[in-house]
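Colleague: Take these sequences, add in the hints, and give me the full structure.
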Amino acid sequence: RKEVEQDPGPFNVPEGATVAFNCTYSNSASQSFFWYRQDCRKEPKLLMSVYSSGNEDGRFTAQLNRASQYISLLIRDSKLSDSATYLCVVTRPQGFSGGYNKLIFGAGTRLAVHP
Amino acid sequence: SQTIHQWPATLVQPVGSPLSLECTVEGTSNPNLYWYRQAAGRGLQLLFYSVGIGQISSEVPQNLSASRPQDRQFILSSKKLLLSDSGFYLCAWRRGESTDTQYFGPGTRLTVL
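Those protein sequences? They're chains A and B, same order as listed. FYI, in the working numbering the residues of the first sequence are 11 to 125. FYI, in the working numbering the residues of the second sequence are 1269 to 1381.
No lab work stands behind these hints: they were computed from the structure. Even for Gly, the Cβ is constructed at its ideal location relative to N, Cα and C. Incorrect hints may appear among the rest.
Said to hold, decoys possible - A few chain B residues that face chain A, going by a derived Cβ cut-off under 10 Å, partial list only:
(1) Leu1314
(2) Tyr1371
(3) Pro1374
(4) Arg1377
Unchecked claim - To spell it out: a stretch of chain A is covered by chain B in this simulated footprint if at least three of its residues, at any positions, have a beta carbon under 8 Å from a beta carbon of chain B; those stretches are:
(5) 40-51
(6) 54-67
(7) 111-125
Modeller: Here it is, written out as structure tokens:
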């Protein structure tokens, strides 16, 4: 089983649609959670961190369910410019003092927004 | 503000040739630095990370190596490239120990023929 699993998509949606991406992770010790966005042939860029209480940034809402080890990203009123691959990222603690938390990336979910 | 640079942007190399990719970070000191590879259609794989000058940790065995000769410079090298080394190489930085967030450079797209 992969440590971070995402539906690869693609999700093809019209402009203005609401789309939700899901992600599950296997390591219950994970402490930090993120969504990154990656445009075609570009570097990943941080979209938002995900907090236990849920957080919203404009049209984007992220939710975390630690009990189910599940993370979601909701995009409302989709724009053409939202077309990209969305990467779910969790940390894997290294288990030693002073050790950093390794980022584990999902393979990504591709979104295509059409007119 | 902090910026991260990588060069070259693209590279086509024959099998067996050497490799040197460079990453530099501006606007911060003593960053944690990372090298990742993303193969076509695959997720990001961590190759190396560094917490300071001359301190390199390797994540996977391979024919690649990394060095950190200066605080804000991270270099990825190989003596002899393999076909399987083709991919998108990304450098990332993290601001110290207080955050897990990493920020990526623009990447180098390497094709080994």
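Colleague: Decide, hint by hint, whether the structure agrees.
Modeller: Hints versus structure:
no., hint, result
1, Leu1314, "holds, 6 Å"
2, Tyr1371, "holds, 7 Å"
3, Pro1374, "holds, 5 Å"
4, Arg1377, "holds, 7 Å"
5, 40-51, "holds (count 4)"
6, 54-67, "holds (count 4)"
7, 111-125, "holds (count 7)"
Checked against the numbered hints above, the structure violates none of them.
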